[in-house]
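Participant: Sequence:
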Amino acid sequence: MNIKEMISPAVKKVPPSGIRKYFDLINEMKDAISLGIGEPDFVTPWTIREAGIYSLEKGHTHYSSNAGVIELRQEISRYVKRKYGLDYDPKNQMIVTVGASEGIDIALRALVGPGDEVILPEPSFVAYKGCVVFTGATPVVVNLRAEDQFRLTPRLLEEAITDRTKVLILPFPNNPTGAIMTGEDLEKIVKILKDRDIIVISDEIYAELTYEGQHISIASLPGMYEKTLVVNGFSKAFAMTGWRIGYVCGHPDLIAAMYKIHQYAIMCAPTTAQYAAVEALRNGDEDARVMVREYNRRRRVMVDGFRKMGLDCFEPLGAFYVFPCIRSTGMSSDEFCENLLREEKVLIIPGNAFGECGEGFVRATYANSMENIFEALKRIEKFIEKSKK
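Residue numbers in the sequence shown follow the working numbering, run continuously in steps of one, and reach 389 at the last position.
Think of the hints as simulated: they come from the structure by calculation, not from any bench.
Errors might be hidden in some of the hints.
Subject to a maximum C-alpha distance of 35 Å in a straight line, what follows is the list of computed DSBU-like cross-link-like pairs (lysine-lysine) [unchecked claim]:
1) LYS188 with LYS91
2) LYS388 with LYS188
3) LYS194 with LYS21
4) LYS4 with LYS129
5) LYS91 with LYS194
6) LYS4 with LYS81
7) LYS386 with LYS21
8) LYS81 with LYS227
9) LYS166 with LYS91
10) LYS91 with LYS129
11) LYS345 with LYS83
12) LYS81 with LYS58
13) LYS81 with LYS91
As the structure is a prediction and not an experimental result, all values here were calculated from the model.
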């Protein structure tokens, strides 16, 4: 038997993550600084951890309902109402998932298959394209541009739509660029979408990490509520990456379809994490604000640092990444990152790991200590100066 021939063609055609090899390299190095991992460097706030511990002490060690414990769904309903002006019934308009990643996966599996097209703006989170391909649908990549501040423009969207378009993934605030979509930006997009049968999967996992004004969900705009699935979670805002807890809100029929897949494949999100998440939504706002203020301080240092090196770096207004252009060095994104890691022991990620249009850019996260950020910037500057000789 040829085992390789038994593997699904859809799985074969998806390459491994372009990020993985850099983490393998850094694991072999001493004194290396990683600006590569997209997770908060903060520990989950104590009151949230305590709620998880208390749930274990109370014996909450069994399966929850498939959709998630009702207390959490009620808190999610209150949270999205006060934060984003969205009304969702906790009984039939939301599902608690194993991180936002599961939410994206089951949303796509519930909506698309062979013959369908999914519009995917890039650069963006590496998992989107794989999830689309695994359904048998076709990803239609829209190349976002630095001159547009990496925002999805009406013209780019209009050009990508065909009679087979069924879903648009809207990844803002954006990983890896830090770009956001303002209310005015979204209104222009809505004019194109409102009369078309296209579902929007709005990945809003970085919604709380915005640095100018308030995040606006496209679901809150006229005509978009019923045709938008809002994906969010606790990993970024509340430093809960390891708890693996997220949620999706949307039209009851869409949620019911996703619920079927979740029910058979997952059963339920981790029960302990669900009780911790209840505490996060009830009492975690101030902890989140403290972390956002610190990220904002680091953000300004990082952008200023890259610009002082002579690298063009647009100002990210969301998430916790900068996306400087390194074309002036004459190196490709991979060459820059591999050489930097070997010579100066600083890990950043090549922009083309997030889509081909990311070539010529690199992603660096400021979810790290200020001490490490200053040291990393010093090493990167040294590397760039050496490369000029």
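Participant: Determine for every hint whether it applies to the structure shown.
Facilitator: Hint check results:
A threshold of 35 Å between alpha carbons decides the hint, and for LYS188 with LYS91 the separation of about 33 Å falls inside it, so the pair holds. Using a Cα cut-off of 35 Å, the hinted pair LYS388 and LYS188 is violated, with the two alpha carbons roughly 43 Å apart. The hinted pair formed by LYS194 and LYS21 fails the criterion: a straight-line CA distance of about 42 Å is larger than 35 Å. Restraint check: the Cα-Cα separation between LYS4 and LYS129 comes to about 22 Å, which is no more than 35 Å; the hinted pair holds.
About 27 Å separates the Cα atoms of LYS91 and LYS194, which keeps this hinted pair within 35 Å; it holds. Among the hinted pairs, LYS4 with LYS81 is inconsistent with the structure: their alpha-carbon atoms are about 49 Å apart, more than 35 Å. For the proposed pair LYS386 and LYS21, the alpha carbon gap of about 25 Å is at most 35 Å, so the pair holds. For the given pair, LYS81 sits about 18 Å from LYS227 by alpha-carbon distance, which is consistent with the 35 Å threshold.
Simply put, LYS166 and LYS91 have alpha-carbon atoms about 27 Å apart, close enough for the 35 Å limit, and the pair holds. Between LYS91 and LYS129 the alpha-carbon distance is near 31 Å, which keeps this suggested pair within the 35 Å criterion. Annotation: proposed proximity of LYS345 to LYS83 is violated, straight-line Cα distance about 41 Å (limit 35 Å). Taken as a hint, the LYS81 and LYS58 pair is honoured in the structure, with Cα atoms around 30 Å apart against an allowance of 35 Å.
For the hint linking LYS81 to LYS91, the alpha-carbon distance of about 15 Å falls within 35 Å, and the restraint holds.
Hints 2, 3, 6, 11, counting from the list given before, are not met by this structure.
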